[in-house]
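Asks: Each chain, written out:
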Amino acid sequence: MPKKYETPLLDELEKGPFPSFVTEIKKAAARSDMAADELGQLEKSYRDKRGYWKHGGIVGVRGYGGGVIGRYSSLADQFPNVANFHTVRINCTSGFFYTSKFLKEACDIWDKYGSGLTNLHGSTGDFVLLGTNTENLEPIFAEFSSRGWDLGGSGSALRTPSCCVGPARCEWSNIDTLGITYACTQEFQDEMHRPAFPYKFKIKTAGCAVDCIASIARADLSIIGTWKGKIATDQAEVANYAKKGMKIQEEIVNRCPSKCMSYDGKELKIDDDNCVRCMHCIAKMTKALKPTGEKGATILMGSKAPFVIGATLSWVIVPFMKLEEPYDELKDLIRKMWEFWDEYGKNRERIGELVIRKGMREFLEFVGIDPVPQQVKEPRRDPFFFWTEADLQK
Amino acid sequence: MEKAEVAQKIYELVEKSTGKKKLKSSDIQKTISADLSITRDDVKAALRDLVDEGKLIYTYFGGSFIEIPPK
Numbered sequence: 028m029p030k031k032y033e034t035p036l037l038d039e040l041e042k043g044p045f046p047s048f049v050t051e052i053k054k055a056a057a058r059s060d061m062a063a064d065e066l067g068q069l070e071k072s073y074r075d076k077r078g079y080w081k082h083g084g085i086v087g088v089r090g091y092g093g094g095v096i097g098r099y100s101s102l103a104d105q106f107p108n109v110a111n112f113h114t115v116r117i118n119c120t121s122g123f124f125y126t127s128k129f130l131k132e133a134c135d136i137w138d139k140y141g142s143g144l145t146n147l148h149g150s151t152g153d154f155v156l157l158g159t160n161t162e163n164l165e166p167i168f169a170e171f172s173s174r175g176w177d178l179g180g181s182g183s184a185l186r187t188p189s190c191c192v193g194p195a196r197c198e199w200s201n202i203d204t205l206g207i208t209y210a211c212t213q214e215f216q217d218e219m220h221r222p223a224f225p226y227k228f229k230i231k232t233a234g235c236a237v238d239c240i241a242s243i244a245r246a247d248l249s250i251i252g253t254w255k256g257k258i259a260t261d262q263a264e265v266a267n268y269a270k271k272g273m274k275i276q277e278e279i280v281n282r283c284p285s286k287c288m289s290y291d292g293k294e295l296k297i298d299d300d301n302c303v304r305c306m307h308c309i310a311k312m313t314k315a316l317k318p319t320g321e322k323g324a325t326i327l328m329g330s331k332a333p334f335v336i337g338a339t340l341s342w343v344i345v346p347f348m349k350l351e352e353p354y355d356e357l358k359d360l361i362r363k364m365w366e367f368w369d370e371y372g373k374n375r376e377r378i379g380e381l382v383i384r385k386g387m388r389e390f391l392e393f394v395g396i397d398p399v400p401q402q403v404k405e406p407r408r409d410p411f412f413f414w415t416e417a418d419l420q421k
Numbered sequence: 007m008e009k010a011e012v013a014q015k016i017y018e019l020v021e022k023s024t025g026k027k028k029l030k031s032s033d034i035q036k037t038i039s040a041d042l043s044i045t046r047d048d049v050k051a052a053l054r055d056l057v058d059e060g061k062l063i064y065t066y067f068g069g070s071f072i073e074i075p076p077k
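Just so you know, the sequences run in chain order A and B.
So the first sequence is numbered by the numbering used here: it starts at 28 and just counts up by one.
So the second sequence is numbered by the numbering used here: it starts at 7 and just counts up by one.
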């Protein structure tokens with residue numbers, strides 16, 4: 028296909044040693060009118076310093092309330108092939124494991140029905156296919172579902188749960204992140220495909236506090252693997268790290284957030300009672316340090332990007348939950364959280380924002396969790412303490 | 007109450023609010039379950055049938071809503 032648009036501004040973004048999204052869109056544009064018009068509209072956006080996309084509306088496959096994000100050009104007359112340029116989300120696998128066979132099939136389907144462009148995994152976690160028109164949505168869904176795949180979540184619904192690679196490829200995972208994500212995906216199909224929440228709800232599971240999936244920053248429910256026992260220390264390996272040039276005092280001890288470590292040049296000591304299980308020392312000295320004892324997860328809630336209020340990080344609600352199949356305790360907690368949100372949440376209010384508005388105390392009472400010190404997020408932030416009638420009678 | 011009757015009530019509620027207020031699934035569940043003294047699960051089941059049949063659809067306008075499909 029001949030070049031359709033001149034793109035001097037985008038061409039600038041092909042310079043330099045690193046891969047360029049412009050180069051990839053140009054490759055797709057050589058075979059796809061949609062990708063060509065996407066390129067043309069993007070060049071115009073760069074020139075005019077404004078975006079020309081609208082999103083939302085009435086688009087999807089029958090029976091589903093999510094999985095397709097309607098995307099429309101406000102310059103449909105100039106770029107008719109992207110008049111509709113919808114995004115399709117395919118439910119990702121736990122840990123994002125795919126066979127090369129699936130990837131080839133997915134690309135063939137997308138070349139046939141879409142723009143040929145994908146950014147694989149968006150920040151949502153889903154397998155993301157970029158740009159198709161409304162008529163092709165049902166055939167795309169039929170192609171994927173006939174191969175055992177399903178749409179992911181979008182809109183005011185449970186978004187496709189996602190997790191780090193966990194025990195499949197990491198020795199530090201304290202929980203079966205893949206199993207938990209799979210169990211939640213199977214359990215909450217209705218909540219994912221038939222939006223009924225005030226707004227979106229994301230579950231992300233990380234095997235340890237290194238948090239490779241960034242659950243603490245971008246999930247309404249963050250599940251982070253932890254342990255109850257001591258950190259086992261191999262002093263010979265500590266000595267090896269020092270011998271190889273690691274500055275243990277500066278790089279490990281001084282960076283311990285709870286200052287529970289000491290090093291005298293020979294022996295590394297850890298006061299486990301004051302350890303907050305941040306994983307910094309273990310991740311740095313993988314051969315010398317190892318968590319021991321009972322494994323489980325810390326459950327946190329409420330992180331999100333800026334919207335009604337600014338960006339928030341997740342807040343501990345259960346310091347330690349033993350997570351074993353069939354994960355009933357976790358599922359029950361999630362349902363109680365949704366019940367609270369359904370009862371009090373406003374339209375477009377994330378659950379974390381609701382808890383900030385109503386108060387953690389009310390939330391904990393509703394879901395039936397006892398208050399514990401680990402839930403204190405910002406000590407002494409609020410000088411007021413409100414006693415209830417029940418407290419006064421005690 | 008028969009599922010079809012519940013579905014009819016849901017459809018009437020959505021039809022009545024068309025052009026006035028966009029209804030979320032939870033609005034419908036709360037209203038119909040209270041009006042008919044049935045569980046929210048019963049309402050959800052009937053709503054699911056209506057969507058599967060294409061009589062109602064999900065839309066997204068800054069949030070997900072249930073609406074009658076455009077003609």
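Read the hints as simulated data drawn from the structure, not as lab findings.
One should not assume that every hint holds.
Unchecked claim - In silico SDA-like pairs for lysine to any residue, Cα to Cα no more than 20 Å straight-line:
1. B:K50 - A:K404
2. A:K373 - B:E18
3. B:K26 - A:N374
4. A:K404 - A:A244
Asks: Below or equal to 20 Å on CA atoms is what counts here, so check K50 (chain B) against K404 (chain A).
Replies: Answer violated: K50 (chain B) to K404 (chain A) is near 37 Å, above 20 Å.
Asks: Is it true that the CA of K373 (chain A) sits at most 20 Å from the CA of E18 (chain B)?
Replies: Distance ~24 Å between K373 (chain A) and E18 (chain B) Cα, so the pair is violated.
Asks: Run the distance test for K404 (chain A) versus A244 (chain A): straight-line Cα separation, threshold 20 Å.
Replies: Holds, at roughly 15 Å.
Asks: Sort out whether N374 (chain A) lies within 20 Å of K26 (chain B), counting only the CA atoms.
Replies: Cα-Cα ~16 Å, so holds.
In summary, the structure is inconsistent with hints 1 and 2 from the numbered list given earlier, while agreeing with the others.
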